[in-house]
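There are 2 protein chains.
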Amino acid sequence: MKVQDEAILHLQIAESIIEKIRSGEYRESEKIPSENELCRQFHVNRHVVRQAIARMTNLGWVTPVQGKGCYINRIMKPVQYVLSSQTRFSENMSNQGVPHKSKLLHWEAGLPSEEERTHLQLKKNETVYRLEILRYVDDTPMSVTTTVFPEAEVPGLENYFEGFHSLYGLLETYYQFRPVRSKSIFHASLPFLKDAKVLRIPESVPIVQIESLMNHPGGSPLEYSVARVRSDMHRCLIEF
Amino acid sequence: MKVQDEAILHLQIAESIIEKIRSGEYRESEKIPSENELCRQFHVNRHVVRQAIARMTNLGWVTPVQGKGCYINRIMKPVQYVLSSQTRFSENMSNQGVPHKSKLLHWEAGLPSEEERTHLQLKKNETVYRLEILRYVDDTPMSVTTTVFPEAEVPGLENYFEGFHSLYGLLETYYQFRPVRSKSIFHASLPFLKDAKVLRIPESVPIVQIESLMNHPGGSPLEYSVARVRSDMHRCLIEF
DNA sequence: GAGTGGTCTAGACCACACC
DNA sequence: GTGTGGTCTAGACCACTCA
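The listed protein sequences correspond, in order, to chains D and Y.
Each position in the first sequence, counted from 1, maps to that position plus 486 in the numbering used here.
Each position in the second sequence, counted from 1, maps to that position plus 486 in the numbering used here.
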């Protein structure tokens with residue numbers, strides 16, 4: 487086959503498969519044909535098929551799984567996250583009637599990084615709790631958040647991790663805290679391999695990074711967090 | 487060479503080249519060695535080198551140009567865009583002391599799309615102006631914005647396009663309008679090929695899409711816009 | 001024409017899932 | 001073991017840039 491009849495081959499193949507997903511010929515949560523099968527169907531080399539699949543993967547249509555096959559992603563209308571000074575993950579999801587849960591992946595206590603220290607306005611030697619939280623929507627991992635608290639603010643925090651299901655629920659129950667968002671910084675990027683793994687996405691799928699500083703209602707810094715969110719499942723709404 | 491000594495080859499190669507950029511051994515705006523040269527250096531197949539380059543490209547380190555070479559991107563600290571009800575592009579850039587300009591790529595008048603009509607609360611048959619604006623920071627294209635106005639709000643808009651340099655300057659000068667942002671919706675995605683072209687980025691580099699509705703200070707909708715912004719050059723800050 | 005990146009073919013072996 | 005996706009090799013031709 488000529489290299490360029492009119493367009494790039496692997497893009498045509500990707501388009502063709504996406505069309506079959508759109509039309510319902512391939513159904514969500516099922517698999518597209520194997521790479522070798524697609525090679526036969528389109529009379530091309532496996533490398534070309536893999537380029538096509540890579541493109542569909544980046545666009546969020548499919549997720550290849552080693553040893554199993556290439557699964558068609560569920561077409562979920564993206565979750566809308568309303569960002570305001572009062573926003574909490576759980577409440578936001580509940581308001582939209584979306585099933586959700588959180589899982590504490592990891593925690594540690596120790597000295598903050600330079601950046602964390604600056605944001606939280608800590609003195610030298612003041613220590614922090616650092617939590618790694620994975621949030622699910624509908625059993626699909628949606629975001630990983632690294633969140634940091636001054637240890638002095640939440641003494642004995644680790645005692646309450648048993649049966650963890652909501653960070654803000656915990657803060658409210660045991661410390662009577664209602665943190666208030668003071669600022670957030672957004673940007674899009676590609677995930678680190680570690681995050682890609684827990685989010686179960688390929689490393690070439692873009693994510694949104696949301697860096698937030700939360701204060702006491704009074705004003706002093708209470709929490710600094712960085713969330714990495716699957717961009718294909720997420721919209722962020724700000725109202726003025 | 488074994489397929490996996492300890493990690494994936496093309497990732498190692500990408501890391502190694504990125505390190506040389508960081509350290510200054512390869513300097514920005516210059517080129518990294520050609521693919522064939524890298525093959526010799528790392529004793530690998532060209533395909534592997536290309537995978538490594540693809541990764542660096544997606545991460546925003548380099549931009550390959552056919553027939554010329556693979557250029558190292560200028561490391562620019564990302565522009566911080568402060569999002570508030572009063573935000574304007576020009577003012578934001580000026581406040582940061584960043585050289586900037588805007589270019590009107592295209593304009594048309596006609597019927598709005600269903601979505602545009604809803605957002606602007608237009609009656610059937612009401613027409614709109616649709617503008618395509620490319621914004622530069624420091625001579626680098628940073629964003630493409632499609633922005634829509636009800637024709638009735640800005641009659642004869644096309645008469646003022648000569649020497650276009652700032653949309654909001656134009657609105658203020660000729661119509662005495664100071665639009666107020668009522669809401670914005672963010673998400674990360676991959677660019678359409680058309681946008682990738684004008685932004686001069688590969689189609690696999692993530693962008694941030696910012697959808698905004700601007701009102702008259704009174705409250706009635708005045709402008710609906712969708713901006714596609716290079717994510718490697720852009721942070722968006724919201725303060726509460 | 002020589003050199004560069006872009007696309008494609010053909011074939012190999014590895015890692016993983018499932019039977 | 002068989003089939004799947006993941007990584008890598010070797011080699012070809014095309015499109016583009018520049019001298």
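In case anyone wonders, no lab produced these hints; they're calculated from the structure.
Keep in mind it's a predicted model, so treat the numbers as computed, not measured.
One or more hints might be untrue.
For identical chains, the list gives no copy identity; a pair is met inside one copy or between any two copies.
Claimed, not checked - Here are the simulated DMTMM-like pairs of lysine to aspartate or glutamate, each with C-alpha atoms no more than 25 Å apart in a straight line:
id	residue 1	residue 2
1	K669	D624
2	K563	E577
3	K563	E612
4	K563	E600
5	K587	E505
6	K610	E514
7	K517	E602
8	K669	E577
9	K680	E505
10	K683	E505
11	K517	E618
12	K517	E612
13	K517	E505
14	K563	E602
15	K609	E516
16	K669	E511
Hint-by-hint comparison with the structure:
1. K669 to D624: neither (28 Å within a copy, 27 Å between copies)
2. K563 to E577: Within one copy, since 18 Å is at most 25 Å while 35 Å is not.
3. K563 to E612: Neither way: K563 and E612 sit 43 Å apart in one copy and 30 Å across, limit 25 Å.
4. K563 to E600: Cα proximity of K563 and E600: across copies only (19 Å, versus 38 Å in one copy).
5. K587 to E505: Cα proximity of K587 and E505: none, with 33 Å in one copy and 39 Å across.
6. K610 to E514: Neither: 53 Å inside a chain and 36 Å across chains, both beyond 25 Å.
7. K517 to E602: Classified as neither: same-chain Cα gap 43 Å, cross-chain 36 Å, threshold 25 Å.
8. K669 to E577: both (19 Å within a copy, 20 Å between copies)
9. K680 to E505: Only across copies: K680 and E505 sit 20 Å apart there, 32 Å inside one copy, limit 25 Å.
10. K683 to E505: This pair counts as between: shortest inter-copy Cα distance 24 Å, intra-copy 28 Å.
11. K517 to E618: neither (32 Å within a copy, 39 Å between copies)
12. K517 to E612: neither (52 Å within a copy, 45 Å between copies)
13. K517 to E505: The answer is within: 15 Å in one copy meets 25 Å, while 39 Å across copies does not.
14. K563 to E602: between (34 Å within a copy, 20 Å between copies)
15. K609 to E516: neither (54 Å within a copy, 43 Å between copies)
16. K669 to E511: neither (45 Å within a copy, 38 Å between copies)
Violated hints for the displayed structure, listed by number in ascending order: 1, 3, 5, 6, 7, 11, 12, 15 and 16.
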